Amino acid sequence: MNKNIFFALLMSVFVSTTASAESIQWLINGSPGGTFHKRSTLYIEALEQQGVAVEALNLKKGSRAVEYLKTTDKPAAMVFIADFAAELNFLHNNDNFVAAEYVEGLFLCMNDSKKYSNTITLGATKGYNLDSFVGYLESTGKDVKIVRYENSGKVLQGVLGGDAIAMVTNQKGAVKYQAKGGSCVFNTSQETRLGTPSVTEFTNKPFPTNASTVIAVNTDIDTLRTAVKAAQGSAGFVKWHTAIKMTPVTGLSRSEELAVVNEAEAGWK
Amino acid sequence: MTELIVVLLGILCGTAAGMLPGIGITVTLVLMWPILYTFGILELILYYMALSATVQYTGTIPSVFFGVPGESNSVPASIEGPKFTRKNLAMLAIGGCQLSSIIGAIVGAALTLALLYFLIPHLQYFFNSTFKLALYSLVLVFLIFVYNQGRVFLNLFLIAIGFSLAMPGESMVENGLRYTFGFYDLSFGIPLLPVLIGFLVVPTILKNYEKDTSAKLTVNAIAIPSRKILVWLRRNIASVFRGSVIGYFCGFVPGMGTDLGTNSSYALEKKLHPLKPGKQLLSAESANNSGVLASWLPLLLIGIPITSSEVIIYGMLTNAGWNPLEITSVQDTMTNMFLTLSVWYVIINIIVLIVAWPFAKKVANIITCNYNTLIISTLVVLYFVNSYLGYLDFRFALYQICFFVFCTFGYFLRKHNSMPLIFMFIIALDFEAVLTRVWQIHF
Numbered sequence: 004m005n006k007n008i009f010f011a012l013l014m015s016v017f018v019s020t021t022a023s024a025e026s027i028q029w030l031i032n033g034s035p036g037g038t039f040h041k042r043s044t045l046y047i048e049a050l051e052q053q054g055v056a057v058e059a060l061n062l063k064k065g066s067r068a069v070e071y072l073k074t075t076d077k078p079a080a081m082v083f084i085a086d087f088a089a090e091l092n093f094l095h096n097n098d099n100f101v102a103a104e105y106v107e108g109l110f111l112c113m114n115d116s117k118k119y120s121n122t123i124t125l126g127a128t129k130g131y132n133l134d135s136f137v138g139y140l141e142s143t144g145k146d147v148k149i150v151r152y153e154n155s156g157k158v159l160q161g162v163l164g165g166d167a168i169a170m171v172t173n174q175k176g177a178v179k180y181q182a183k184g185g186s187c188v189f190n191t192s193q194e195t196r197l198g199t200p201s202v203t204e205f206t207n208k209p210f211p212t213n214a215s216t217v218i219a220v221n222t223d224i225d226t227l228r229t230a231v232k233a234a235q236g237s238a239g240f241v242k243w244h245t246a247i248k249m250t251p252v253t254g255l256s257r258s259e260e261l262a263v264v265n266e267a268e269a270g271w272k
Numbered sequence: 027m028t029e030l031i032v033v034l035l036g037i038l039c040g041t042a043a044g045m046l047p048g049i050g051i052t053v054t055l056v057l058m059w060p061i062l063y064t065f066g067i068l069e070l071i072l073y074y075m076a077l078s079a080t081v082q083y084t085g086t087i088p089s090v091f092f093g094v095p096g097e098s099n100s101v102p103a104s105i106e107g108p109k110f111t112r113k114n115l116a117m118l119a120i121g122g123c124q125l126s127s128i129i130g131a132i133v134g135a136a137l138t139l140a141l142l143y144f145l146i147p148h149l150q151y152f153f154n155s156t157f158k159l160a161l162y163s164l165v166l167v168f169l170i171f172v173y174n175q176g177r178v179f180l181n182l183f184l185i186a187i188g189f190s191l192a193m194p195g196e197s198m199v200e201n202g203l204r205y206t207f208g209f210y211d212l213s214f215g216i217p218l219l220p221v222l223i224g225f226l227v228v229p230t231i232l233k234n235y236e237k238d239t240s241a242k243l244t245v246n247a248i249a250i251p252s253r254k255i256l257v258w259l260r261r262n263i264a265s266v267f268r269g270s271v272i273g274y275f276c277g278f279v280p281g282m283g284t285d286l287g288t289n290s291s292y293a294l295e296k297k298l299h300p301l302k303p304g305k306q307l308l309s310a311e312s313a314n315n316s317g318v319l320a321s322w323l324p325l326l327l328i329g330i331p332i333t334s335s336e337v338i339i340y341g342m343l344t345n346a347g348w349n350p351l352e353i354t355s356v357q358d359t360m361t362n363m364f365l366t367l368s369v370w371y372v373i374i375n376i377i378v379l380i381v382a383w384p385f386a387k388k389v390a391n392i393i394t395c396n397y398n399t400l401i402i403s404t405l406v407v408l409y410f411v412n413s414y415l416g417y418l419d420f421r422f423a424l425y426q427i428c429f430f431v432f433c434t435f436g437y438f439l440r441k442h443n444s445m446p447l448i449f450m451f452i453i454a455l456d457f458e459a460v461l462t463r464v465w466q467i468h469f
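Which chain is which? The protein sequence lines are A and B, in order. Heads up, the first sequence is in my numbering, so the first residue is 4 and it goes up one at a time. Heads up, the second sequence is in my numbering, so the first residue is 27 and it goes up one at a time.
The shape of chain A in the complex, shown without the other chains (with noise of 0.2 Å):
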């Protein structure tokens, strides 16, 4: 009897602090019109279509959503990015590693009409590394001038200003540049994306790439990963990918996802 007792009392602690995925905090952080909040938004919806409670939470900022997180007692997930990870040394993990939902080259996209230039201005997002890019620049023999902006849309801004002959920039940058007659030299992925050949075929120095991803705590995170990995193929989802020209991560186990962000996350540091 007493046994029984303690059982339900040990389960009902269990219960109280590792909740299951029906019922989460879900921490909405970045701009409204950037990616973080167009996928906090999207999986908060696709997750409620499959009858989930989640309760939104508005953090703004990428950095306040992840002090939350590693406060917050209740059950709480968040979209993350590996640069973003290394950059606050949160590092994705087993114990909050939900599940990877697309991995990216970064795009080195340049103004072709002035590509000829003794020296190159730079434009990037404030938080990338750019010291490959720049020696791989500088190798060809053009000086590097390096013009930092708040986020990847005024980096494309900068650029169609004419603040900058070339940018650093993710595959999103990518597509509305291309769509307004801009071309890219390489990208860091592996393979040739939107076009652009793999960064391989240039030079064998190693670039970062990007890894999107969700991470959550206090939750049973196979359930959550099971439910994160549906909303990965809803309306909603099918569509930004298609519009972004992404091919989200499917077909690998969550240690073999969990490895390919640590390696992006590498890349970073």
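Bear in mind the hints are in silico, worked out from the structure with no lab data behind them. It should be emphasised that the depicted structure is a prediction, and the values quoted were computed from it without experimental measurement. In this text, a Cβ means the ideal position worked out from N, Cα and C, and glycines have one as well. Among these hints, one or two may not hold up.
[To be verified] Listed next, the in silico EDC-like pairs over lysine to aspartate or glutamate satisfying Cα-Cα at most 20 Å (straight line):
no.: 1; chain 1: A; residue 1: 232; chain 2: A; residue 2: 98
no.: 2; chain 1: A; residue 1: 148; chain 2: B; residue 2: 458
no.: 3; chain 1: A; residue 1: 63; chain 2: B; residue 2: 196
[Said to hold, decoys possible] Here are some, though not all, of the chain A residues that point toward chain B, as calculated from beta-carbon distances under 8 Å:
no.: 4; residue: 36
no.: 5; residue: 37
no.: 6; residue: 64
no.: 7; residue: 67
no.: 8; residue: 129
no.: 9; residue: 149
no.: 10; residue: 153
no.: 11; residue: 160
no.: 12; residue: 161
no.: 13; residue: 163
no.: 14; residue: 164
no.: 15; residue: 165
Given chain A, put chain B in place with the hints provided.
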């Protein structure tokens, strides 16, 4: 349907804002913040459009009846309007002003679309940092030399405070936090709302509290047949068109809003027809409404606010994720957006004609009752708005501290115009980023 509801809300708020001296567009935007916080980009723009168009109209009513300008650009109406009221012709003046406002709106919409036809294909060049720096410099020149009767040192002091307040947190061009003094909530910067309340709203309403004009107010409206109003308008139509065109082009001058257009067209008519107050009044009113659309262009096209209320709506739009070029097909989207907005602008002016006057009469009765009670209630509401948004932003304590500190400073600023401070606070981070980039590119 959502758009229509938003527009009607803007018209109702605009009616009240125009009627209550000193409340105006900026204070209304702050008071409505908890609702506007939930709006998307188009809703925000439509609300702002309806609010400012309505204020142009209803601001005329206290000016004509009481000689008290509801908004700063109603000054010509507050000089010429009472001349009509004394002859029991207040409704002729108000009706004429409303119709000339609609003509101003149509002329403004047509000029905007014509201008956009040439501007939009070259829009991307406006995002060049050097060009943006030149525009910001122009805005700064106006902030320094035009506000507070051109008291340069006072304006520089206000600009420096605004800039300093914007510095804590993250910059737009570098990672890492600065000036947070170990206070975690400051990593996200000093919140805009208590800055607006403390430095802008409180000084504005205190100024009016001290004036307390309620004793003079009586509404004396004798109906005038519409036909008579139309005939009067037709007789003055040249002045109305002249005012519309002058008002439109003056609307582009940073920091002046529609004040410059209104006063310029008024001055011109005064010179051309010194003994005809009707021409002067109608020309100034049409200039008001056409100038509104022009002053929005720099904001909506390239994200540079040039008037005080635009600075606030700019803050709200960027919070809602607005970024003028963050779209795949800029040309199509911009053309569609401005076509939509221009059509709405004309519709709004027509709705105002039908809705605003009956509602304005009710509001006029409120002012005549107890204006100072209204001001105190406004302050209490502002405190709760600030607390509520502090709670939503997870920074309740910081919002409280900022509210009381800034309101105290605001009290001492009540005899000055604090717009240079507000302007700089809102544009500081972008201005700093633009300046840094120009340095990185050219040096």
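Hint-by-hint comparison with the structure:
1. A:232 to A:98: Within the cut-off at roughly 17 Å; holds.
2. A:148 to B:458: holds (18 Å)
3. A:63 to B:196: Satisfied, since the Cα-Cα distance of roughly 14 Å is no more than 20 Å.
4. 36: holds (4 Å)
5. 37: holds (7 Å)
6. 64: holds (6 Å)
7. 67: holds (7 Å)
8. 129: Interface hint status for residue 129 of chain A: holds (6 Å vs cutoff 8 Å).
9. 149: holds (7 Å)
10. 153: Since chain B brings a Cβ to about 4 Å from residue 153 of chain A, closer than 8 Å, the hint holds.
11. 160: holds (4 Å)
12. 161: holds (7 Å)
13. 163: At 4 Å from the nearest chain B Cβ, residue 163 of chain A passes the 8 Å test, so the hint holds.
14. 164: Check passed: Cβ of residue 164 of chain A comes within 3 Å of chain B, closer than 8 Å.
15. 165: holds (5 Å)
Going down the numbered hints, you'll see the structure goes against none, and every one checks out.
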